[in-house]
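J.: Listed here are the chains, written in short residue letters.
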Amino acid sequence: MPLNTNANIADQDGFYSELIESQRGLSDEDAALMNCKLLILLANHIGDRSVLSEALRLAAPRSPGRTAG
Amino acid sequence: MLNTYTYPIFDYVQSAEQREGIMRRHPVVVIGAGPIGLAAGLDFARRGIPTVILDDNNTVSVGSRAVCYAKRPLEILDRLGVAAPLVDKGISWKVGKVFFRDKLAYQFDLLPESDHKMPAMINLQQYYLEEALVAALEREPLADLRWKHKVTAITQHKDHATLTVETPDGAFAMEATWVVACDGANSDTRTMVGAEFTGQFFQDRFLIADVVMKADFPTERWFWFDPPFHPNQSVLLHKQADNVWRIDFQLGWDADPVEEKKPENVIPRIRNMLGEHVEFELEWVSIYQFACRRMQDFRVNRVLFAGDAAHQVSPFGARGANTGFQDIDNLGWKLKLVLDGKAPERLIDTYTEERVFAADDNLTNSTRSTDFITPKSPMSRRFRNAVLELAETVPGIRPLVNSGRLSRPTPYLNSSLNTQDSVDFKGKMKPGTNGDDAPVTVAGKPSWLLNQLGDSFTVLVFGRVPAGITIDHAGVSATILGVDDDFGDPTGLVGTRYDGQPGTTYLIRPDQHVAARWRHFDPDLIRAALARALGYEA
Numbered sequence: 874m875p876l877n878t879n880a881n882i883a884d885q886d887g888f889y890s891e892l893i894e895s896q897r898g899l900s901d902e903d904a905a906l907m908n909c910k911l912l913i914l915l916a917n918h919i920g921d922r923s924v925l926s927e928a929l930r931l932a933a934p935r936s937p938g939r940t941a942g
Numbered sequence: 013m014l015n016t017y018t019y020p021i022f023d024y025v026q027s028a029e030q031r032e033g034i035m036r037r038h039p040v041v042v043i044g045a046g047p048i049g050l051a052a053g054l055d056f057a058r059r060g061i062p063t064v065i066l067d068d069n070n071t072v073s074v075g076s077r078a079v080c081y082a083k084r085p086l087e088i089l090d091r092l093g094v095a096a097p098l099v100d101k102g103i104s105w106k107v108g109k110v111f112f113r114d115k116l117a118y119q120f121d122l123l124p125e126s127d128h129k130m131p132a133m134i135n136l137q138q139y140y141l142e143e144a145l146v147a148a149l150e151r152e153p154l155a156d157l158r159w160k161h162k163v164t165a166i167t168q169h170k171d172h173a174t175l176t177v178e179t180p181d182g183a184f185a186m187e188a189t190w191v192v193a194c195d196g197a198n199s200d201t202r203t204m205v206g207a208e209f210t211g212q213f214f215q216d217r218f219l220i221a222d223v224v225m226k227a228d229f230p231t232e233r234w235f236w237f238d239p240p241f242h243p244n245q246s247v248l249l250h251k252q253a254d255n256v257w258r259i260d261f262q263l264g265w266d267a268d269p270v271e272e273k274k275p276e277n278v279i280p281r282i283r284n285m286l287g288e289h290v291e292f293e294l295e296w297v298s299i300y301q302f303a304c305r306r307m308q309d310f311r312v313n314r315v316l317f318a319g320d321a322a323h324q325v326s327p328f329g330a331r332g333a334n335t336g337f338q339d340i341d342n343l344g345w346k347l348k349l350v351l352d353g354k355a356p357e358r359l360i361d362t363y364t365e366e367r368v369f370a371a372d373d374n375l376t377n378s379t380r381s382t383d384f385i386t387p388k389s390p391m392s393r394r395f396r397n398a399v400l401e402l403a404e405t406v407p408g409i410r411p412l413v414n415s416g417r418l419s420r421p422t423p424y425l426n427s428s429l430n431t432q433d434s435v436d437f438k439g440k441m442k443p444g445t446n447g448d449d450a451p452v453t454v455a456g457k458p459s460w461l462l463n464q465l466g467d468s469f470t471v472l473v474f475g476r477v478p479a480g481i482t483i484d485h486a487g488v489s490a491t492i493l494g495v496d497d498d499f500g501d502p503t504g505l506v507g508t509r510y511d512g513q514p515g516t517t518y519l520i521r522p523d524q525h526v527a528a529r530w531r532h533f534d535p536d537l538i539r540a541a542l543a544r545a546l547g548y549e550a
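Heads up: the sequence lines are chains A and B, in that order.
All residue numbers for the first sequence refer to this note's numbering, where the first residue is 874 and numbers rise by one.
All residue numbers for the second sequence refer to this note's numbering, where the first residue is 13 and numbers rise by one.
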């Protein structure tokens, strides 16, 4: 199954607000760690390696500012 | 420091060829009597190759060094007749604990698959392994192990190499049809033949210590990420024989190796880790830096490289010595057949083909472990910590924790020696894979499948073995073994693991890897597969 790129979240505004609320008052470091945990949990939920790879490609910077090497 | 082990000193003996000043041509000279060189000497001699093994020292490994031996290398050592006492002496742990900062994140049980002769792994100090191999070599009439023999130069010729060797009696020269260099990661032989060793150096150091516990301590493997007694680094504790425990401290790049090695600095670190109430004594301390790199080609004309001399990996997953034994397992039978003129020289090149493939698999796995244990950026550290925090409460996340994946044999799935399947099979035994062990009965007595395979090619047939048929090619014959006819399969596991239905036939190489398989016994197909497995072009 390919990555679902259609609208798929019920109550989008509610979810978005819950996401922002969940990190209100957190330090940047704590929020960053939380994002990592969130990503790991959701990745495990999805499981399908091809979907995860597609999402990684889609999320990558459009003009990558990588350091050479 | 305490000593639970007395290092043997092996006698230097001047060889007849040096004493008499006669240049001799040896079929195989092995350079280096570490675990891989010793195993090479033993494998080659048992296959009938007169083999000289040279070592510049005269004792075994100092300190525990390689401590973890996995199932496949143990099966190889069993084929060489030395596994049983090592398994008896070694320690098998089952429970592993992973700590993150100040608490236990989770614990796990290894639960290895049952009904294999060899355990999933044992922990044993390298010196015990080497001592057992030396003793076995001394019983082998075709093996000639020479201590205090240092190779200082190699000249390559079309069909042999000339070695200059220094001993306490001065220098002399010897010739070898093949040289097998097992002289470790800093191989002088590699330098002498001018071969490159490329890859990635990690900017990290590890302090490794052997300590003797004075009281009982659980036989478990403990791995700490970022513990309070050693912040931002990792620590590994596991048990070896004689109540000796091995501790690996990650030090980071800025640590001063000379300072860190001093007992007055090491002991407080260990005390902090074990707790005030645990009494111990320090036995051995060393510091190392590791790299992940390999040679492009494990053959340089007449010189073949094996073990760390050919490829070096990070220690996570115990892939150093373990893969080295598999190099030798791959090389021994090929050398024998080529030396005997029963296979084309191309068979030797498939050693590089198959073992480079395995080395790359090991490099990938050990690099992945290294990236988890020592994250290279702040964000990768966050991901690592996220996994560890989640692992405590979410069991499904635990498989992502990578504190080293135990060495497993790499199947040579794309090897040019394989004959690909023409029909579907269930299970793992694809061509190129090392054959799984399983319990069998021989004349009513319990035994093991791998012990039936012997040192030559084997045709394993499920069901009736047709009478009066021989399988050979150009002077190489395969032994035909029938499941039920030659041994019993009381648990049915041979059948299950090999998807054996009546008529199913396997061609198994002398290193116990599957070369080909079919659903029917067809002598012409088997002979063609044998020719292919001998390195003849199809």
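Just so you know, the hints here were simulated from the structure itself, not pulled from any lab data.
For clarity, every value in this text was computed on a predicted model and none was experimentally measured.
A portion of the hints provided could be inaccurate.
[Said to hold, decoys possible] Computed Cβ-Cβ distance ranges for the label pairs, DEER-style:
#  : chain 1 : residue 1 : chain 2 : residue 2 : range
1  : B       : Glu404    : A       : Leu892    : 43 to 53 Å
2  : B       : Leu425    : A       : Asp884    : 47 to 57 Å
3  : A       : Glu927    : B       : Gln119    : 29 to 39 Å
4  : A       : Glu927    : B       : Gly480    : 37 to 47 Å
5  : B       : Asp498    : A       : Ile919    : 43 to 53 Å
6  : B       : Thr376    : A       : His918    : 49 to 59 Å
7  : A       : Asp903    : B       : Gly108    : 21 to 31 Å
8  : B       : Glu208    : A       : Leu892    : 30 to 40 Å
9  : B       : Phe120    : A       : Leu931    : 53 to 63 Å
10 : B       : Asp352    : A       : Leu876    : 51 to 61 Å
11 : A       : Arg897    : B       : Ser104    : 45 to 55 Å
The C-beta atom is built at its ideal place from N, Cα and C for all residues, glycine as well.
J.: Now tell me if each hint is right for this structure.
T.: So, going through the hints one by one against the coordinates:
no.	hint	in the structure
1	B:Glu404 with A:Leu892: 43 to 53 Å	23 Å, violated
2	B:Leu425 with A:Asp884: 47 to 57 Å	48 Å, holds
3	A:Glu927 with B:Gln119: 29 to 39 Å	35 Å, holds
4	A:Glu927 with B:Gly480: 37 to 47 Å	59 Å, violated
5	B:Asp498 with A:Ile919: 43 to 53 Å	50 Å, holds
6	B:Thr376 with A:His918: 49 to 59 Å	26 Å, violated
7	A:Asp903 with B:Gly108: 21 to 31 Å	30 Å, holds
8	B:Glu208 with A:Leu892: 30 to 40 Å	51 Å, violated
9	B:Phe120 with A:Leu931: 53 to 63 Å	35 Å, violated
10	B:Asp352 with A:Leu876: 51 to 61 Å	57 Å, holds
11	A:Arg897 with B:Ser104: 45 to 55 Å	51 Å, holds
When the structure is compared with the earlier hints, violations turn up for hints 1, 4, 6, 8 and 9 and for no others.
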